[in-house]
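First to last, the sequence lines map onto chains A and B.
Here the first sequence is numbered in our numbering, starting from 84 and rising by one per residue.
Here the second sequence is numbered in our numbering, starting from 128 and rising by one per residue.
Read the hints as simulated data drawn from the structure, not as lab findings.
It is possible that part of the hints are untrue.
With a Cα cut of at most 25 angstroms, we get these calculated DSS-like pairs of lysine-lysine [claimed, not checked]:
1) A/K101 - B/K312
2) B/K534 - A/K195
3) B/K236 - B/K391
What the simulated footprint calls covered on chain A by chain B, stretch by stretch (three residues with Cβ under 8 angstroms from a Cβ of chain B suffice, anywhere in the stretch; the number is not a length) [to be verified]:
4) 107–119
5) 131–139
6) 165–172
Derived contacts from chain A toward chain B, CB cut-off under 10 angstroms, selection only [to be verified]:
7) C123
8) G124
9) T128
10) I150
11) K152
12) E175
13) D191
Every residue, glycine too, gets a C-beta built ideally from N, C-alpha and C.
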Amino acid sequence: MSSDLSDLYQEVVLEHSKRPRNYRVVEGHNREAAGHNPLCGDQLTVTLKVEGDVIRDIGFQGQGCAISKASASLMTGAVKDRTRAEAEALFERVHKLVTEGPEGLDVDALGKLAVLSGVSEFPARVKCASLAWHTLRAALEGRGEAVSTE
Amino acid sequence: MSGFDVQRVRADFPILRQEVRGRPLVYLDSAATAQKPQAVIDAIVHFYQHDNANVHRGVHVLSERATEAYEGARETVRRFINARDAKEIIFVRGTTEAINLVAQTYGRKHIGPGDEVLITHIEHHANIVPWRMLCEQTGAVLKVIPVDDRGELVMDAVDALMTERTRILAVTHVSNALGTVNPVKELTRRAHAKGIPVLVDGAQAVTHFPVDVQDIGCDFYAFSGHKTFGPTGIGVLYGRLERLEPLPPYQGGGDMILSVTMEKVTYNRVPHRFEAGTPNLEGAVGLAAAIRYLEALGMQNVAAHDRELMAYATKALESVPGLRLVGTAREKTGVLSFMLEDIHPHDVGTILDREGVCIRTGHHCAQPVMQHFKVPATSRASLALYNTREDVDALVRGLHKVLEVFK
């Protein structure tokens, strides 16, 4: 496999895409949003239980490629028990990572999310990696309409 | 086969001579857009270098030449699809505009509340949305001919769906997502028996086999230049003269007018009535060059190459473990849509791209087809006259790489 391909499909990415974490509807959720990538037809739903300013629980369901599933799965682990502001800040860093690459970022602070760094070499796949995050943001903002990557 | 040497054909397409991602380019996305032979590129360059001027209105030599090239292109298209009269050929931007034109002229004139528009479940969006829009505008009802699990139309359902309220049947000749070749001649026969006019979307058909609109008997036939090895931004609407002549104009301005006062406008005759504004001259010139190129190869030879390569590719893909073809119609051309295990087509496409193999992944602007087969998307390899068995072999090697990554 070429090196940029193995950067994209790192073992952690493949593992999360095959066995996504928190692949469920959160019981008693009080936030929800649907995301859609019209380019490829991918769709996912994020459900949240937010208490005060803190994301106490998060789940996702839907269909998508390995990158979008892994990104969603990793996202649910990363934002649980974080405040809304922390989740927003994390999204900003992940977005920078998948669009520009790891340079200038404290990659260690991103934890497992750092495996998404290979996406920056594949511009066509940035939307796959960021779909779940846009949907999370819509859920936190309480927007009713489905978000789209377009 | 006689008269068709695929290596010589490939040499006519300069874009195919390159390497991508460090490997020879394998282009299997011609259903999205086809590559252009040198003859088309040369024709456009020649037009700009020697003949460029506006048409139908200049008295000078360049305008005469440009008019001759443009109207000559109309005659070339007429010959290509065997229309009776060059006046039956309208230049538009592409298949999509052709269908919108019919929906907004024929449709607005003849279709009202409670009337029915009949399409099929395997249309691409360009032959669904203009009709859906028309139904919203007029109160008409959109009805759909179902499809079976092979991707073939359920012909037993057709007669019942053609009712006394059906005002038009709009059907694709070849499905862009499945490759199914629809029996458009038989559908037209049945529709005409009930007085229903027929539009055929030929965007995926005219490049694969000879098309004869008189033999089909359809009222309208649409196709695009860019899928026919010609330029983008040019396409064709064929319409039988007796259908076109009573229709109101589509857009206003330019050559569609005979005279204007502030009180009254007199419209030009067909085909000019439907070609508002300065037309895409270089597009028409390029499309004519593409058609002459196809005619020189011989569409029967192209069709034979297509059949042979489709058979080879179908067998080769079926040998890939975990691969499932989506669309297995008995009459099929040009397109191989598939799922590989539970690997998402986008992942398949990305890995193939790194091998220099270009395919399309997604819903191919045919979401109802995806819904029927209960898949979010497919991987689609589409073949054209310049593809070879080696291209198919490269695809198969790439698919084994995909399986390796996802093992």
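Status of each hint after checking the structure:
1. Under the criterion of a C-alpha separation no larger than 25 angstroms, the hint pairing A/K101 with B/K312 is inconsistent with the structure, at around 47 angstroms.
2. At roughly 22 angstroms between alpha-carbon atoms, B/K534 and A/K195 fall within 25 angstroms of each other, so this suggested pair holds.
3. A distance of roughly 21 angstroms separates the Cα atoms of B/K236 and B/K391; the hinted pair therefore holds under the 25 angstroms criterion.
4. Counting residues of the stretch 107–119 of chain A whose CB lies closer than 8 angstroms to any CB of chain B gives 0, which falls below the minimum of 3, so the coverage claim is violated.
5. Coverage of the stretch 131–139 of chain A by chain B is violated [criterion: at least 3 residues with CB-CB distance below 8 angstroms; count 0].
6. Beta-carbon proximity to chain B at under 8 angstroms applies to 0 residues in the stretch 165–172 of chain A; the threshold of 3 is not reached and the given coverage is violated.
7. A cut of 10 angstroms between beta carbons decides the hint on A/C123: the least distance to chain B is about 5 angstroms, and the hint holds.
8. Taking 10 angstroms as the C-beta cut-off, the interface hint given for A/G124 holds, the closest approach to chain B being about 5 angstroms.
9. A hinted interface residue such as A/T128 counts as satisfied when its beta carbon comes closer than 10 angstroms to some beta carbon of chain B; here the least separation is about 14 angstroms, so the hint is violated.
10. About 7 angstroms separates the beta-carbon of A/I150 from the nearest beta-carbon of chain B, less than 10 angstroms, and the hint is met.
11. Residue-level restraint check for A/K152 holds (minimum Cβ-Cβ distance to chain B is 8 angstroms; threshold 10 angstroms).
12. Given the 10 angstroms rule on beta carbons, the hint for A/E175 is violated: about 25 angstroms separates it from the nearest Cβ of chain B.
13. With 10 angstroms as the threshold, the beta carbon of A/D191 stays out of range of chain B, its nearest partner Cβ sitting at about 27 angstroms, so the hint is violated.
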